[in-house]
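Given the sequences, and given the hints that come with them, work out the whole structure.
There are 2 protein chains.
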Amino acid sequence: MPQKVRIALDAMGGDVGASVVIPGAAIALKKHPDSEFLLYGDSKQIDEQLAAHPALKKASRVVHTDVTVSMHDKPSQALRRGRKTSSMWLAIDAVKKGEADVAISAGNTGALMAMARFHLHTMPGIDRPAIAAVWPTARGESVVLDLGASIGGDANHLVTLSVMGSAMASVLFNIERPTVGLLNIGVEEIKGHEEIREAAEKLRAMNLPQLNYIGFVEGDGIGSGAADVIVAEGFSGNIALKAAEGTARQMADFLRGAMASSWQSKIGYLFARKAFQALRDKLDPNKSNGGVLLGLKGVVVKSHGGINAEGFASAVNVGYEMVRCDLLTKINQMINSDGGALAQTAQEAVS
Amino acid sequence: MPQKVRIALDAMGGDVGASVVIPGAAIALKKHPDSEFLLYGDSKQIDEQLAAHPALKKASRVVHTDVTVSMHDKPSQALRRGRKTSSMWLAIDAVKKGEADVAISAGNTGALMAMARFHLHTMPGIDRPAIAAVWPTARGESVVLDLGASIGGDANHLVTLSVMGSAMASVLFNIERPTVGLLNIGVEEIKGHEEIREAAEKLRAMNLPQLNYIGFVEGDGIGSGAADVIVAEGFSGNIALKAAEGTARQMADFLRGAMASSWQSKIGYLFARKAFQALRDKLDPNKSNGGVLLGLKGVVVKSHGGINAEGFASAVNVGYEMVRCDLLTKINQMINSDGGALAQTAQEAVS
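Chains as they are written, first to last, in the working numbering: chain A, 1 to 351; chain B, 1 to 351.
No lab work stands behind these hints: they were computed from the structure. The structure displayed is predicted, hence computed values, not measured ones. Please note: incorrect hints may appear among the correct ones.
Put simply, identical chains are the same to the list, so a pair is met inside one copy or across any two.
As the list claims (entries may be wrong) - With a straight-line Cα cutoff of 20 Å, these simulated SDA-like cross-link-like pairs (lysine to any residue) come out:
#1 74 <-> 193
#2 274 <-> 65
#3 74 <-> 197
#4 74 <-> 194
#5 274 <-> 260
#6 266 <-> 256
#7 97 <-> 85
#8 31 <-> 96
#9 74 <-> 216
#10 84 <-> 124
#11 202 <-> 54
#12 274 <-> 263
#13 274 <-> 253
#14 58 <-> 206
#15 30 <-> 261
#16 266 <-> 278
Below is the structure:
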């Protein structure tokens with residue numbers, strides 16, 4: 001483990017770029033003073049922002065580039081235009097070269113996935129990378145994956161996702177044998193796609209020491225915390241994530257409207273404002289931001305594009321923790337334990 | 001259109017049966033006095049409940065049966081054990097025989113789907129039935145389908161779902177040409193399964209007079225009301241529904257906890273309790289209950305199993321409205337307009 005955690009940032013990523021990324025990094029540095037930063041992007045914009053954050057400036061090195069990946073670039077466009085030159089690529093490249101322990105970007109998800117996969121490659125025994133995030137639940141927190149890195153996938157892919165997600169839950173939540181559920185729909189007999197049933201059988205038969213497979217979990221089981229790790233292929237995982245986000249936003253709007261609806265409710269709001277603040281903190285996407293790209297030979301974290309400095313800081317914190325917990329080693333160990341039985345399973349999936 | 005709307009109820013369905021179904025029907029009758037009821041189930045239990053609801057008793061006929069479909073029966077079991085005898089079957093049978101205009105059950109979804117499909121058959125031009133529900137959004141309400149009637153399906157199936165959902169939105173919301181979106185994930189280039197892209201092309205090419213196809217909608221677009229009709233195959237539709245329900249429940253719990261966290265917040269709650277009540281009404285699943293089985297030669301409504309009398313009443317109201325709006329004729333017209341081009345499309349999907 002390195003003395004300091006070395007963090008490479010795509011300073012141009014996200015809806016607003018440096019004006020969120022740099023203040024965000026400054027907040028993260030305060031929380032983890034044992035961090036240092038490589039900042040990739042337009043040096044003029046970066047320096048302007050750094051002027052307001054002297055501590056961060058001291059802990060950073062700025063690497064200038066003119067090229068940025070736009071939020072609207074298709075992955076193939078981004079690779080064609082941004083390879084070797086864009087701020088996103090350079091941050092990933094720093095991880096590839098061993099100059100950084102983690103790369104973080106709030107940029108275009110598809111481009112980030114494509115570049116990270118192209119440049120870092122997947123770990124041995126892993127067919128396709130996944131995006132995992134920490135989901136706040138009624139019971140605490142759960143790891144949910146895949147949130148949209150790839151679509152579909154057979155039973156072996158779901159088994160691999162289960163193992164990667166368990167590794168992440170295990171280091172993040174400090175649980176030896178996390179519970180794992182497969183996302184499915186509840187109607188008996190037509191219980192989901194064939195591959196989900198097959199993955200369930202495999203997980204049960206393998207009875208892995210690293211994870212405790214507990215069965216199918218329906219969409220509402222994610223929020224209730226039915227398992228430490230919830231596994232889905234990327235399409236349904238993304239649908240679940242977005243549907244939940246949409247509902248949370250909608251309810252917050254309803255609540256705001258209700259509180260402003262009469263003078264009594266406004267007074268009520270004044271009395272209860274600390275409670276509302278706590279609620280808002282709990283639900284603020286800025287406070288639980290950061291999807292981890294799993295399965296690559298390097299740690300890459302995706303931040304939401306439309307967040308504030310605090311939100312970006314929380315993505316940086318996720319990256320910091322993944323490095324400090326030695327996530328990659330843990331995944332490697334889990335995938336290649338049992339004489340590589342799992343790696344073989346995954347290999348079969350590829351071949 | 002019949003003088004009265006004739007409603008067949010599975011009085012044994014749901015988690016508690018007659019003690020919710022009968023009071024629920026009584027509430028619905030108050031709202032729509034031009035209804036009459038056929039009540040199928042254990043006559044002793046039904047009569048006990050009817051004693052407290054003289055108006056409903058006058059508008060009802062009770063048909064006794066000992067056989068009930070359990071919430072845990074698999075569809076095939078339910079068909080084997082409950083065909084021709086169970087309260088669920090008899091309610092559907094009343095629609096088949098033309099004795100009722102709509103059948104409503106809070107029982108086992110899989111069993112209801114199987115029995116309805118087996119006994120009523122699908123409409124000409126429709127390959128598989130779907131479950132549609134009205135989803136409260138930031139903009140008003142949208143029709144969302146399929147919520148889990150069947151899994152997967154090709155582009156033609158998605159086109160058929162679009163047409164059926166539009167018919168429902170058109171009669172329910174009184175819109176001539178509802179907007180339709182296909183549920184998809186947002187990452188460019190890997191935008192969803194092949195069949196979704198193909199369905200989008202078809203819908204665009206057809207440019208139907210009955211619906212206005214507006215493109216892909218992500219999971220959070222459902223709650224924001226991005227389209228009047230949101231279309232997905234049953235697996236992802238069900239995941240979206242359940243994830244949203246789970247999030248709403250979780251947020252309500254957080255809110256309750258926050259309001260009870262201090263004496264200030266408790267006072268605040270007292271002042272704002274009317275606003276909270278309004279919020280609760282808005283989000284209460286009991287107030288927007290009732291999934292419509294679309295594509296069958298008859299109207300069948302599925303109520304949630306775990307609701308109260310008011311919740312069941314709202315499912316009855318949905319059934320009432322579908323009959324009064326002449327949903328079946330509308331779907332038939334839409335499917336078979338353009339010289340049956342759509343019906344043919346759907347037929348191709350089957351063959």
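Hints, verified against the model:
Within a single copy, residue 74 and residue 193 get their C-alpha atoms only as close as 30 Å, which misses the 20 Å cut-off; across copies the closest is 17 Å, which meets it. Taking the shortest alpha-carbon separations for residue 274 and residue 65, neither the intra-copy value of 44 Å nor the inter-copy value of 56 Å comes in at or below 20 Å. Taking the shortest alpha-carbon separations for residue 74 and residue 197, only the inter-copy value of 16 Å comes in at or below 20 Å, while the best intra-copy value is 34 Å. For a Cα distance limit of 20 Å, the shortest separation of residue 74 from residue 194 across copies, 17 Å, qualifies, whereas the shortest one inside one copy, 32 Å, does not.
Proximity of residue 274 and residue 260 under a CA criterion of 20 Å is satisfied in both settings, with 16 Å inside one chain copy and 12 Å between copies. In this assembly of identical chains, residue 266 and residue 256 lie within 20 Å of each other by CA distance both inside one copy and across copies; the values are 10 Å within and 18 Å between. In this homomeric assembly, residue 97 and residue 85 come within 20 Å of each other (Cα to Cα) only inside a single copy, at 15 Å, whereas the closest approach across copies is 72 Å. Taking the closest pair of Cα atoms, residue 31 and residue 96 never come within 20 Å of each other, the shortest separation being 26 Å inside a single copy and 68 Å across copies.
In this assembly of identical chains, residue 74 and residue 216 lie within 20 Å of each other by CA distance solely across copies; the values are 16 Å between and 35 Å within a copy. When the C-alpha separation of residue 84 and residue 124 is checked against a cutoff of 20 Å, the pair qualifies neither within a copy, at 25 Å, nor between copies, at 57 Å. Within a single copy, residue 202 and residue 54 get their C-alpha atoms no closer than 54 Å, and across copies no closer than 57 Å, so neither meets the 20 Å cut-off. In this homomeric assembly, residue 274 and residue 263 come within 20 Å of each other (Cα to Cα) both inside a single copy, at 19 Å, and across copies, at 11 Å.
In this assembly of identical chains, the alpha carbons of residue 274 and residue 253 lie at most 20 Å apart whether taken from the same copy (18 Å) or from different copies (17 Å). Neither within a single protomer nor between protomers do residue 58 and residue 206 lie at most 20 Å apart by alpha-carbon distance, with minima of 50 Å and 61 Å respectively. In the homo-oligomer, the alpha carbons of residue 30 and residue 261 never lie at most 20 Å apart, since the shortest distance is 40 Å inside one protomer and 30 Å across protomers. In the homo-oligomer, the alpha carbons of residue 266 and residue 278 lie at most 20 Å apart both inside one protomer (18 Å) and across protomers (14 Å), since each shortest distance falls under that limit.
The structure is inconsistent with the numbered hints 2, 8, 10, 11, 14, 15, although it conforms to all the rest.
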